[in-house]
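Chains as they are written, first to last, in my numbering: chain L, 1 to 225; chain C, 226 to 314; chain X, 315 to 532; chain V, 533 to 779.
Possibly wrong hints are sitting among the right ones.
Here are the simulated DSS-like cross-link-like pairs (lysine-lysine), alpha carbons at most 25 Å apart as the crow flies [unchecked claim]:
#1 Lys595/V to Lys413/X
#2 Lys317/X to Lys518/X
#3 Lys299/C to Lys518/X
#4 Lys380/X to Lys299/C
#5 Lys299/C to Lys317/X
For each label pair, taking beta carbons as the anchor points, the in silico distance ranges come out as [unchecked claim]:
#6 Glu531/X to Ser160/L: 39 to 47 Å
#7 Ala500/X to Glu22/L: 53 to 61 Å
#8 Val163/L to Gly493/X: 31 to 39 Å
#9 Phe335/X to Met287/C: 16 to 24 Å
#10 Lys380/X to Met1/L: 41 to 49 Å
#11 Ala529/X to Arg296/C: 17 to 25 Å
Which residues of chain C face chain X? A partial, calculated answer using Cβ under 7 Å [what the hints assert, rightly or not]:
#12 Val276
#13 Ile284
#14 Ala285
#15 Met287
#16 Tyr289
#17 Ile293
#18 Leu307
#19 Gln309
Calculated from the structure, these hints are not laboratory results. Glycine residues also receive a C-beta, built at the ideal position from the N, C-alpha and C atoms.
Okay, here's what each chain looks like letter by letter:
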Amino acid sequence: MFFRTAWLVLRKDVAIEAKSWEVLTTTLFFAVSCVLIFAFAFVKEGRPVEDAAAGILWIAIAFSGTLALGRTFERERYGETLRALLLAPAPRPALYVGKLMGMLALLGLAEMLLVPMVALMFQASLFSRPLLLVGLLAGGTIGFCAVGTLFAAMLVRARSRDVLLPILLYPIIIPVIIAGVRGTAALLGAEPDEPTAIMWIGILGAFDVVFVTLALWTFEPLMTE
Amino acid sequence: MSLRRLLIALTTFVLLSAPAFALQPPPGQSEFVPVDSVPLSDQLPAAPLLVTAYAFVWIAAMVYVWSIWRRLNKVEDEMRALAQKMPRR
Amino acid sequence: MRKAFGPLAAITGLMFAGAPFMVARAPYESSMGLVQKIFYFHVPSWFAMFTAIGVCGVASLFHLFKTSPRADRIAEAAGEIAVLFGLMGLVTGPLWGRKAWGVWWIWDAKLTIALLLEMTFISGILVRKYGGPGSDKLAAAVGIFGLAVVPFVYQAVNIWRTIHPLTSVVPTLPATMGGPFWFCVAAYMLLLVVLLMMRVNLGKRQAALDELYLAYED
Amino acid sequence: MSGRVDFDSVQVIDVSRHFGRRRALANISLTAHPGDIVGLLGPNGAGKSTLITMLATLAAPSKGEIRYGGQPASALGPALRTRIGLLAHELHLYPELSARQNLTFFAELYGLDPRALVDEALESAGLADRGDEAVSGFSRGMRQRLALERSLLHGPRLVLFDEPFTGLDDRAVSIVADRLRRLASSGAIVMLATHDLDLADGLVTRVALIRDGRLLSDEPASPGLRARYRAIVGGNAVAGRPDGGGH
């Protein structure tokens, strides 16, 4: 029942998104514009600042992630449909998992565009260790979405929610950004420093485990008014 | 009653101003290896930093106590005003 | 509890009054000289901040699952006081850094960790102010997550940057330095308790006012 | 499904609820049994919606308790929600999806086989021919009927309607009213929140008058409902009409 409900919520979100691709297109466009803005800031005489690519990639992920979170939950707020979901007989954390998977898919797609673009524009050898890069991206995105989905869901009924979401989210996910950036930077060097990247992936993994559990645990009390 | 309690806290804090000048450097030893005499030049620029640090801590605490006190009074006044309106209804 | 407040406040005041004497009598540090004495006010503020963060996290957990207004008040009070002590640390730190490392702010691990936690708990205050009804539960979530993120912030930032004297220096303090240090720590802890009691009392009066409004409507 | 939960009574025991300084409900106590159509009557902002939300387990009372068949919601767990149907003022529909997709999603959410149910629901909502059109293109009346069917898909024991008649023309109102009567006669507990006196008059079996969060009276419906409603709620009973919809 738990995973069936999560799957239903995910499928419903994909069905809605497939009608207009609105959130996906806006997120992708925003991510690209983010990278462009950084490009102008970090490229001097055609040469990008040393390992700026890692930082730019992760900041673009964080910013476009926050935008996507806001848009996705705005859609649930419109017809108060989040309340209808809360009336489903399945345990309520199942809704959180459904939403989390939706966000992961969305950000995953955005990253598929972002990584090659950053690699291209900043001559960054992101693909030198593809497996480790995927590990870092997965760990970081799960950590970001785990906390982000919970905060976005709980802020649905709060006032001034679109300004509160970044305020609450960024301080908490800074460790994810640090791990992501340092891990990615370790891969960019002339000879990729694998042990460091693996260490950072480990830290991201620990972060994900702790915060997904914490989110599942606090979802129900946070959603009951 | 809360006013009296606050006065106690205030007066004891006021004692603090006395020690500001008590900064004579005595000898000592340790992993933070102290040295018995310190060239005056090194000492001088540090003194204002130390006093500022200490003063900031004290002022920050006092400002916070004052803000609690002000908010408390606001709440008490509002309650008194409301209490007066109550019996009339 | 209430009657303990008077003497406690008095003791705190006296200890803070005595602190400079204690620190003045403490030995001189060889390499950094007098400025090292900021140590006696800088480090205890972290101890107090982390204690406050702990209290806020636990009280938030209690309020979120048991919905107890009392725990909510303690969480709100501890959150505010954590920000206060964080502020003290973030001011005394650079003052010391100015002399010891020659620059006001450096991305040193300890200062960065403190800055991140300070921002987290300021966001907790902001959500209470702007979140509208029901924001106490949201602030509780920030309190819990703020506490849970501490080890990760420590780990990530430590690996990333550290030129801060290792925290291992505290246990190696000689008796003549240890004395004033632990005296200051005690003073800060007492200050934490006194401020907590005052702030919780304010929370109680605010709740009483809300109650009066409700009664007034009936 | 995690065990069939069922109950033959819903008790609201001395429930109060406030939001910060505003008291939404004060010491409400009432009981309902299968076959009842309890009318929660009162002007806008009387706290009817808050009570409905709490009965639907979406919000917790600040004081007091709600019991389903003698047991609190916390003891019955998620399975209780399979027996509760809610038609809220906001209709809970996804405008981007079609009527059929909406119904199918919610049917599966309740662990039901959607095929037969969805067609039947579309039929009784009078939307059989427009099942595959996006809900965003529907009128308020059509959405209302669709939302009504959605809230009854899983055959709930407790049926909660918050202003179900807004945006409906007379013909649609009588269809919905009949639907409620059939529901009650089939053993459902129906609770209907409305400020519209005339609609409730011939329909409800019991009336709970609520104003400013307080229960003014709770008695079986009788012909003199209108006069008593106005007497208790005061002259402006009719003034409480919604701006456009209703009668």
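So, going through the hints one by one against the coordinates:
Restraint check: the Cα-Cα separation between lysine 595/V and lysine 413/X comes to about 58 Å, which exceeds 25 Å; the hinted pair is violated. Pair hint lysine 317/X plus lysine 518/X holds up; C-alpha atoms about 16 Å apart against a cutoff of 25 Å. Distance check on the hinted pair: lysine 299/C and lysine 518/X sit about 14 Å apart at the alpha-carbon level, within 25 Å; holds. For the suggested pair lysine 380/X and lysine 299/C, the alpha carbons sit about 30 Å apart, so the restraint of at most 25 Å is broken.
Restraint check for lysine 299/C and lysine 317/X: satisfied, since their Cα atoms lie roughly 23 Å apart, inside the 25 Å limit. At about 26 Å, the CB distance of glutamate 531/X to serine 160/L disagrees with the hint of 39 to 47 Å. Checked against the hint of 53 to 61 Å, the pair alanine 500/X and glutamate 22/L passes, with Cβ atoms roughly 59 Å apart. Take valine 163/L and glycine 493/X: their Cβ atoms lie about 49 Å apart, and the range 31 to 39 Å is violated.
The supplied range of 16 to 24 Å is met by phenylalanine 335/X and methionine 287/C, whose beta-carbon atoms lie about 20 Å from each other. In this structure the hint that lysine 380/X and methionine 1/L lie 41 to 49 Å apart at CB is violated, the actual value being about 27 Å. For the pair alanine 529/X and arginine 296/C, the beta carbons lie near 22 Å from each other, so the given range of 17 to 25 Å is met. Hint on valine 276/C is violated. Least Cβ distance to chain X is approximately 9 Å, over the 7 Å limit.
A hinted interface residue such as isoleucine 284/C counts as satisfied when its beta carbon comes closer than 7 Å to some beta carbon of chain X; here the least separation is about 10 Å, so the hint is violated. Interface restraint check: alanine 285/C against chain X, minimum CB-CB distance 5 Å, threshold 7 Å, status holds. Annotation: methionine 287/C was flagged as interfacial toward chain X, and the flag is violated, the nearest CB pair being 10 Å apart, outside 7 Å. Look at tyrosine 289/C: its Cβ gets to within about 5 Å of chain X, closer than 7 Å, so that hint holds up.
Interface restraint check: isoleucine 293/C against chain X, minimum CB-CB distance 5 Å, threshold 7 Å, status holds. Given the 7 Å rule on beta carbons, the hint for leucine 307/C holds: about 5 Å separates it from the nearest Cβ of chain X. A cut of 7 Å between beta carbons decides the hint on glutamine 309/C: the least distance to chain X is about 11 Å, and the hint is violated.
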